[in-house]
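Asker: Listed here are the chains, written in short residue letters.
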Amino acid sequence: MARLRGLRRSGQAAVLVGLVLFTLVIFMALATNMGILVNDRIRMQNAVDLSAYAGAYKEAQELNDLVTYNQDILDVVKECREILTQPEQGYWDGYYCECVNQGPIPEQIIQICQEVLDQVALLFVLRAHYGLTVSPAVSAGKATLEANIANLGQKGHMFEGVNTSASRSGNYTTVGPYGGQYPTIANYVRESQTKFNYPVMLYCPCGVSCCPSGVVPSIDYYVNSWYYKDDTNPDIWIASYAKATPANRYLDIAYSSSGNDGGYFGSSSDGGQDDNITAVGIAKPFDGSVGPTAIRRIFGSEYGAGNNRESPYYTSFGLEAPEEAMFANYRARLAGKNEWNARPADWNPSSALTEVIGAEATAMFMH
Amino acid sequence: MLRRPPCSCTEVRGRRGQAAIETSLSLFGVVVLIMGTWHLFQVTWGAQNANIRAREAVLHGTSNMSGKKASFTTADNPVWDEGKDNYKLAEYGSPLNFSASATDRTNDGFFAGQTITANAYLTE
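Those protein sequence lines, which keep their order, are chains L and E.
Going by this note's numbering, the letters in the first sequence line up with residues 1 to 367, in that order.
Going by this note's numbering, the letters in the second sequence line up with residues 1 to 124, in that order.
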């Protein structure tokens, strides 16, 4: 009887050990997969952050060069003003009511100045062209992404094909000095109110009183000059997006070499969004200013902020040349997706993220 | 009143020590499981440390980082000015080529300690 009982029990421990081992292996695989998932997610977030930063850094470099083109325009303006205000040029000899035939009339000088300004302005617009500013940034971003997660099989982009993205060609345009719209890194507007106010002898026939005593006669001329960004939106930003499946997995029972596999945890594969991990990084140039950005012009009180400077107040009006508003001081920094949400009408990162990964998934990316 | 019949002495003698063996085996398994989980945690933690430190070294330099187990190397042209505690000016024409490496190491324990290395790159 005892022998029969022993026979029935033989193998019981083996079954038990087998079950325990199986459970153990499943849990080990789950834990290992979790470790891989966390590690890959961090690597991917680092990669997109660095990728976006590389793009923004490249944009900052291009913007710093672009500032010099605007400064060239400013130099032409200053030179013209200097010529026009020199007494020895013959426009003004210091006598208020002396009706003499003056030298080359100032309008001719101004016309020449305007032509030169237009030529230099065209160089600015060409330099701000998408192909010379955003394209290098996109390339740098992609190269950095590739360098950091080369083995993750990532599918990444820099939002350059996304309708609501600032890095999409054609979303921002600038009108050239001779007409035509150019795709540029931002919407730049040409200043049309640069004033040439200089002492000049009006044409006045002899014998006719033309010059009030003690008042220097002058004429105001307005020319087109430099470029500035005429909005509040610090819209020069660039984002990086990556989607990947892990390089190594354990017990991925739904794995398929076609890529339509089970993602990190197997079983529920449908090849959709849930099978991948995604990451988004956003960065922007900051601390510089291409031109004297005036964001609000409410008659006499002009104020505002441009290009993310803390308290810029530069306007494009007035006689003074705005050297202090053309800063080739661009740097790059990481940015948040909600930095521009106050202006939903503009291209902003959160809209671009929603377009790419949907509103619900966007909520995951809070920094 | 029903009473369970007393078992034979032979049967009792055969089972003696079984519980102790099962307990010790189970305990061993539990200990291995706990140690394995701990080690896995350490590896994951170390990998996170290394990756994040490498990325921070690239973006923000190494001046604010510490940790006796971690080490860093940086090379080329950093984008962070540690003296000014700010990002460097993006000078037009200067190449964007910068990398950093960070390592972390798990403790020696039930399993041998492991060194985890992570690299981060900025390039164009």
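Where hints are given, some of them may not hold.
[What the hints assert, rightly or not] Covered stretches of chain E (in silico footprint by chain L; criterion: 3 or more residues with CB under 8 angstroms from a CB of chain L, positions within the stretch not fixed):
| hint | region |
| --- | --- |
| 1 | 74 to 87 |
| 2 | 91 to 97 |
| 3 | 100 to 106 |
| 4 | 109 to 115 |
Hints in this document: simulated from the structure, not taken from any laboratory.
All C-beta atoms in this analysis are idealised placements derived from N, C-alpha and C, irrespective of residue type, glycine included.
Asker: Each hint needs a verdict: does it hold in this structure or not?
Answerer: Structure-based check of each hint:
1. Coverage of a stretch by a chain is defined here by at least three residues with a beta carbon nearer than 8 angstroms to that chain's beta carbons; for the region 74 to 87 of chain E and chain L the count is 3, and the condition holds.
2. Residue count for the region 91 to 97 of chain E with a Cβ under 8 angstroms from a Cβ of chain L: 5. That meets the three needed, and the coverage hint holds.
3. Only residues whose beta carbon comes within less than 8 angstroms of a beta carbon in chain L count, and the region 100 to 106 of chain E has 0; fewer than three means the coverage is violated.
4. With 0 residues carrying a beta carbon less than 8 angstroms from a beta carbon of chain L, the region 109 to 115 of chain E misses the three-residue requirement, and the given coverage is violated.
The earlier numbered hints that this structure contradicts are 3, 4.
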